[in-house]
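J.: Sequence:
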Amino acid sequence: MKAILVVLASFLAVASYAQNGTLSGTITDNVSKQPVVGAKVVFSTQFRAITDYDGNYTIADMPYGTYKGTVTMRGFDTLLITVEINQPEVTNDVLIGGSQELEEVKVIGNIAEDRKTPVAKTTLDAKAIREELGSQDLPMILNSTPGVHATEQGGGDGDARITIRGFNQRNVGVMIDGVPVNDMENGWVYWSNWFGLDNITSQIQVQRGLGATKLAMPSVGGTMNILTQNTGGKRVITARQEYGTGNFLRTSVSYKSGTLKNGWGVLFSGSYKQGNGWVDALNTQGAFYYLKVQKKINNHVISLSGFGAPQQHGQRSFQQGISYWDPAYGRAMFEGSDELYNIITRYRNDGDYNAYIQGLQSQGLDENSVQQYMTNYVDTTGAENRGVRFNEHWGYRTVNGERTVMNERRNYYHKPQITLKDFWKVNDKLSISNMAYTSIGRGGGQRYFNSSSTIITDQEGLVDWDQIIQNNQFTTFGGQQLPTIDPFYDPTMLKSSQILSASVNNHFWLGGLSQFDYEYSPHLSFAGGLDYRYYKGEHYNEVLDLLGGEYFVNTQDQNAESDMKQVGDKIGRQPWHNHRDGLVQWAGAFGQMEYSKGAWTAFVNASFVANFYKGIDYFRGKQMVLADTILEIGYDDVVTHNGQTYDRNSPGLRDHQTDWVNKNGFTFKTGANYNVTEKQNVFVNVGYLSRTPMFNNVIDNQNNRVFDTLVNENILAFEFGYGFRSKKLSLNVNGYFTNWSNRPLPFGLSIQDPNDPLEVIIVNIPGMDARHMGIEVDAAYRVHKKVTIEGMASIGDWIWNSAESVIVYGDTITFDAKGVHVGDAAQSTYAASIRWAPIKGGYIKLKYTYFDRYYTDFDPISLTGETAGRDSWQMPDYGIMSLHAGYRYKIGENTLSFRANVINLLNTRYILDGTNNRNFDEAEDNFNAQSASVFFGQGIRFNVSLGFEF
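In the numbering used here, the protein residues as written are -10 to 939.
Note that these hints are calculated values from the structure, not bench results.
C-beta atoms are modelled at their ideal positions from N, C-alpha and C, and glycine is treated no differently.
Heads up, some of the hints might be wrong.
Simulated DEER-style distance windows between Cβ atoms [stated by the list, open to error]:
id, residue 1, residue 2, range
1, Asp914, Ile802, 12 to 20 Å
2, Val628, Arg431, 32 to 40 Å
3, Gly557, Gly641, 25 to 33 Å
4, Pro865, Gly557, 44 to 52 Å
5, Asn175, Asp914, 25 to 33 Å
6, Gly557, Lys807, 50 to 58 Å
Please model the entire structure based on the sequences and the hints provided.
T.: If you want it as structure tokens, here you go:
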């Protein structure tokens, strides 16, 4: 009996224990999608928790039953929640929001909402950025996003580029807190200017296609919106130290005040970095600062923010042939037998045609059938074999008897940006936001300028600075060394023929954005606004270092009194490098209507933009505007017209300039989303963009003239998608079709001037069309509370769609690129990852990304005659594996964190970027590996960091 009672008591104890469960989950900001730190989850005095740094909470030993509680956080609306504990482990993730500050982010930031906004999108939250970025450039973490391909190009810090759906970043709209940052002359994005943003980024949202932005953004491939953190939430101070490959060191500190009782809030972040780079001598040094001050006044949220990232870094600018970097890799690419490789190589080097034919016949081949093996053939005879880390843009310079490293290519820039915003919640239906911003950029790129020959290098292929300096001081004549004195200019000074110059690109940017959002009814809302931007880009070259000489001769400036130039003087390398200004004005208006009822949401958006362009060239002769003509008058010119003589002192002269040129464009977009069930949704959108041309396709920088042919680019885009959401699975599938007509060459085409055969002019070639279509799939599956698997597949079919004969000044220009695959980005990408959190606060993530069908970049207008309709060389496919791990340890109210990242874990050797028929050493035109110039990707590298939060 006693034994029975013991067993019964044990059973009751186990049963009693089994009636308790553990509740856990994540509290997430419903707008920024970042975890909310310090939120209180309260059911009673006994069952309560506060979220940690990752927004997670856990409440243990809750008896089975139904509980009602609250989620509270300063700056957010209080949320009432109900949970049922009916099993040992219950997960309840919560979205909170509703604060005025967060509504401002949603309105101004143009954020797409899940299961509501009918666009294809991917959002990376702050947690994912922290875990995966390491010391990479910001775009690199987007490579596992459908349709996205980012590369590091030559390997310089901040020199990354990104493409979306085959469109390079000139055609991808990049915004920071809703402020466009693409260069207003050429559309490029310089990521070195945005170092440190990861410190204060709450999320990065990539919207593929025309996107959901209300503005008249000139984006074709998609938009990338980087949203910074708000000042609300819990007060947090963080400090972090990083160390990585190439002696990379970075120190970061941040302070967030949280929402203070008097309505104020402050966010500050600062960072400093230095390193040597993975590629030889690509040194980097930079800083980052950010300050946001925010004040809530009644129904207004007013904020003033400013940030910048002064930096300098070495660059590697030139792609080279495969055997220049790694002849063994080139040899291994060959798909035939060793004997066939030797036969081809012998013929290339000795030219014995008969022996070549006999050799082919011994392999059962002839001159035609052997071509199938030539695609991936690389001749490694006498290969330089510099190594994939080699960088030709540096060398040693002897200073005071010591050899010091000196870069030939170096970028330096500082682009601070200041933004003032006012978000006014007029009432429950109407909100008005106004924003003004300015950016003042200063800096440029250093490079070698040689007026007599190519750059002098030593036996190792490095720049021989000492020899260059000696050549600037002495010359050999009649067996004697004589000083480099040119009596035509000066009887005693040494004349430099080789110098270091800087290509300076300063700019001034001013913009304003005003918009309203009005909720007409619970189902219908309207938005509209105005957008204005003014941009002035100042471009010139200047003398940085005379390298041993005392002056340099440059005749480019027609208004200069002397051609003798000293350090700091402006010079011109080529006519398009003259001292010139590019001026752009952008005035836009937009309107949008949104409908939402039941399972349906829909929108209609229209926008209009007026673009104005003007070019000023300070090196061309000054202009005298007369009633019947415009005269050009240089420093020594004397011009007679209608009996009147004009020279440099004549009143009324002005700098050489074009008139203001106006082009207008518009956008129309519409789409709808239907939530089929609580878990499934479908969407469709269609849009038409009449895009005004970029400055470089309006103003001919070589001659400072307006192009004769100015036409808008026309983009028609269609997209559909399907989504599935459950507690364990998230799935997105979408397809797209984009047709781009009148796609221009970035800087026009150079041809002979029909009025002066000795001169070259630039012309636009209209009628270049491209078609991009594809399908994209991404999914995340929560296998277990501690294990999540993610996958992605993106398969594109991007082709040029033009075969034209264009008459320009009486000459016929013919090209045939119809059906030719677009280059410069992998058309198929795949990714898979697994994240395991074995212990609380710890994680390990393994990720693999694969790139396929990657064609080298090329100029489609070069496809003529025998090369018409021919694909560029397809580079070998490759995959990259990365490992990310971290651990967070609570010390009272403080947190100690450790992170580690290993990029290219398997040390894969692969070709990263390539250009068709551009191998400078071989000068071949065979659309194959031998004639391509390439960059190899970087090998294995690491980053570790230690952080403290209190």
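J.: Does the beta carbon distance between Asn175 and Asp914 stay inside 25 to 33 Å, or does it fall outside?
T.: holds (28 Å)
J.: That 50 to 58 Å hint for Gly557 and Lys807 (C-beta), does it hold up?
T.: holds (51 Å)
J.: Could one say that the CB atoms of Pro865 and Gly557 fall in the range 44 to 52 Å?
T.: Taking Cβ atoms as reference, Pro865 and Gly557 lie about 47 Å apart, which means the hint holds.
J.: Given a hinted range of 25 to 33 Å, is it respected by the beta-carbon distance of Gly557 and Gly641?
T.: holds (30 Å)
J.: When you take the CB atoms of Asp914 and Ile802, is the distance between them in 12 to 20 Å?
T.: holds (18 Å)
J.: Do the beta carbons of Val628 and Arg431 sit within 32 to 40 Å of each other?
T.: Taking Cβ atoms as reference, Val628 and Arg431 lie about 37 Å apart, which means the hint holds.
Checked against the numbered hints above, the structure breaks none of them.
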